Amino acid sequence: MQENGTSKVTVLYFAAARDITGIASETFSVPHSLGDLTSILTTKYGEELRKILDHSLYAVNMDYVEKDLETNTVLKDRDEVAIIPPVSGG
Amino acid sequence: MQENGTSKVTVLYFAAARDITGIASETFSVPHSLGDLTSILTTKYGEELRKILDHSLYAVNMDYVEKDLETNTVLKDRDEVAIIPPVSGG
Amino acid sequence: MSTANKTFVQLFTNPLPSLDEASQLVASDSAGAISTFSGTTRDHFQGKQVLKLEYEGYGPMAEKILQQIIMEARDKWEIQHVLVYHRLSEVPIGEASVIIAVSSAHRKEAMQAVEYLIDELKARCPIWKKEFYLDGSVWKGTCE
Amino acid sequence: MSTANKTFVQLFTNPLPSLDEASQLVASDSAGAISTFSGTTRDHFQGKQVLKLEYEGYGPMAEKILQQIIMEARDKWEIQHVLVYHRLSEVPIGEASVIIAVSSAHRKEAMQAVEYLIDELKARCPIWKKEFYLDGSVWKGTCE
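Residue numbers (this note's numbering), protein chains in the order written: chain A, 1 to 90; chain B, 91 to 180; chain C, 181 to 324; chain D, 325 to 468.
Hints in this document: simulated from the structure, not taken from any laboratory. Remember, it's a predicted structure, so these values are computed and weren't measured experimentally. Among the clues, some could well be false.
Beta-carbon label-pair distances, calculated as ranges [stated by the list, open to error]:
#1 A:71 / C:240: 25 to 31 Å
#2 D:354 / A:71: 44 to 50 Å
#3 C:194 / D:354: 20 to 26 Å
#4 C:315 / B:156: 56 to 62 Å
#5 C:195 / A:10: 30 to 36 Å
#6 C:224 / D:460: 54 to 60 Å
#7 A:68 / C:274: 20 to 26 Å
#8 D:400 / A:43: 49 to 55 Å
EDC-like mimics (lysine to aspartate or glutamate), calculated; alpha carbons at most 20 Å apart, straight line [stated by the list, open to error]:
#9 A:51 / A:36
#10 C:288 / D:380
#11 D:464 / B:138
#12 D:388 / D:444
#13 C:244 / A:80
#14 D:446 / B:153
#15 D:432 / C:270
#16 D:454 / B:109
#17 B:98 / B:109
#18 D:432 / D:443
#19 C:310 / A:19
#20 D:388 / B:170
#21 D:376 / C:209
#22 A:8 / A:36
#23 C:320 / C:300
#24 A:67 / A:54
#25 C:186 / C:223
#26 D:432 / D:396
#27 D:464 / C:209
#28 D:464 / B:170
#29 D:388 / B:156
#30 D:464 / D:353
#31 C:320 / A:54
#32 C:320 / C:255
#33 C:186 / C:200
#34 A:67 / A:48
#35 D:454 / C:209
#36 B:98 / B:116
#37 C:244 / A:19
#38 C:232 / C:275
#39 D:432 / C:300
#40 C:320 / A:19
Cβ atoms here follow ideal geometry from the backbone N, Cα and C, with glycine treated the same way.
Could you put together the complete structure from these sequences and hints?
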């Protein structure tokens, strides 16, 4: 955490998430956990993104975070957080 | 069956069977069934071929004959009988 | 044996190398079996004509996940060389979006590993496919 | 759909066509998945060095059995085009003795059909392999 108690994280958007945000990535100051990031994102992008988030997983520094661990996942400065909508490669 | 009560069949040898017979095919007059052919073949080629036959199937006109149906399988004139040792293609 | 096992993982924006090239990379004189899977873009989805497809991926994480999946496959089966190629770009109909190739001494291992790799890739690898129809486009996965 | 399904069965005394050629023969714009299996000759068997291999077959019956096996696979799975090539001749180490390729709309079908085809080919198709070692040769199958 920073002196002001928040962490500066980069958030990456892909596929359906990026269609809503219109950008590939941006930086947020997050008070504590992934749960806080969800609040920040839905405040900024509204219901549309919240529906995507409901069906997405976060990946922090390229590791998936299980859905029920989001509120316990504390973010650090410079973490790279990606929103991973349901994948469809192959 | 022919007038003399026997059928003229062509017998094909492959792989280990042909190593023993030294030829790819020959013709026999067989009194009745595949069982009779086995007798004729073992008389001509001895124990060595009999061991192969024990582990082989006959195919009559390119259809496998199950082991326990051999004595009941009556041969007709011009039947093509192949000795099929355990296969190993692929 | 395991030190000599090779792994090829690559994401392409250009057309994928040929299946021959892929199978030659995994071939070895001690591996009797080579199993491959190619996914090619189809011209229809549930009756709708697909005009084109586009793949997008979170590249570094996709490669990391693929390496993980390959390690898991190596734990499960006695396999030799492994190749996973995925295309991340627009892919014209009929062209390959993914190629998987595995060699092994015995055939079951290569075939089962290929099946595992494509299943896990489809389940876990952060890659997304967008299908374009006459009446719009859709990201697969999210809207199925 | 089923009338347009193609079947390619052929026995070769020359080297087999490439995997690319095989996969292009089974490819179609409506089949998203192509699964292949190649069997290549190995340089060892149970620790013994194999110098060369030779395949022999009862050609017409081998083709008949392959057609039967393919019909069985078509009954079991929704597959599109099917190719089975087998070489009947001396095969140098590292070259393909068998190539199987299957296309289907969905991946499981193609993969399962390929596995069935190679399993049944090995169990039922009248083809024999002779391995040559430094100290002699042996017909596989009979003496294993």
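Consistency of the hints with the structure:
no., hint, verdict
1, A:71 / C:240: 25 to 31 Å, "holds, 26 Å"
2, D:354 / A:71: 44 to 50 Å, "holds, 46 Å"
3, C:194 / D:354: 20 to 26 Å, "holds, 25 Å"
4, C:315 / B:156: 56 to 62 Å, "holds, 59 Å"
5, C:195 / A:10: 30 to 36 Å, "holds, 32 Å"
6, C:224 / D:460: 54 to 60 Å, "holds, 57 Å"
7, A:68 / C:274: 20 to 26 Å, "violated, 42 Å"
8, D:400 / A:43: 49 to 55 Å, "holds, 54 Å"
9, A:51 / A:36, "holds, 16 Å"
10, C:288 / D:380, "violated, 24 Å"
11, D:464 / B:138, "holds, 17 Å"
12, D:388 / D:444, "holds, 13 Å"
13, C:244 / A:80, "holds, 15 Å"
14, D:446 / B:153, "holds, 17 Å"
15, D:432 / C:270, "violated, 25 Å"
16, D:454 / B:109, "holds, 12 Å"
17, B:98 / B:109, "violated, 23 Å"
18, D:432 / D:443, "holds, 16 Å"
19, C:310 / A:19, "holds, 12 Å"
20, D:388 / B:170, "holds, 15 Å"
21, D:376 / C:209, "holds, 12 Å"
22, A:8 / A:36, "holds, 12 Å"
23, C:320 / C:300, "holds, 17 Å"
24, A:67 / A:54, "holds, 9 Å"
25, C:186 / C:223, "violated, 35 Å"
26, D:432 / D:396, "holds, 16 Å"
27, D:464 / C:209, "holds, 19 Å"
28, D:464 / B:170, "violated, 24 Å"
29, D:388 / B:156, "holds, 18 Å"
30, D:464 / D:353, "violated, 41 Å"
31, C:320 / A:54, "holds, 16 Å"
32, C:320 / C:255, "violated, 31 Å"
33, C:186 / C:200, "holds, 17 Å"
34, A:67 / A:48, "holds, 19 Å"
35, D:454 / C:209, "holds, 17 Å"
36, B:98 / B:116, "holds, 10 Å"
37, C:244 / A:19, "violated, 25 Å"
38, C:232 / C:275, "holds, 11 Å"
39, D:432 / C:300, "holds, 13 Å"
40, C:320 / A:19, "holds, 13 Å"
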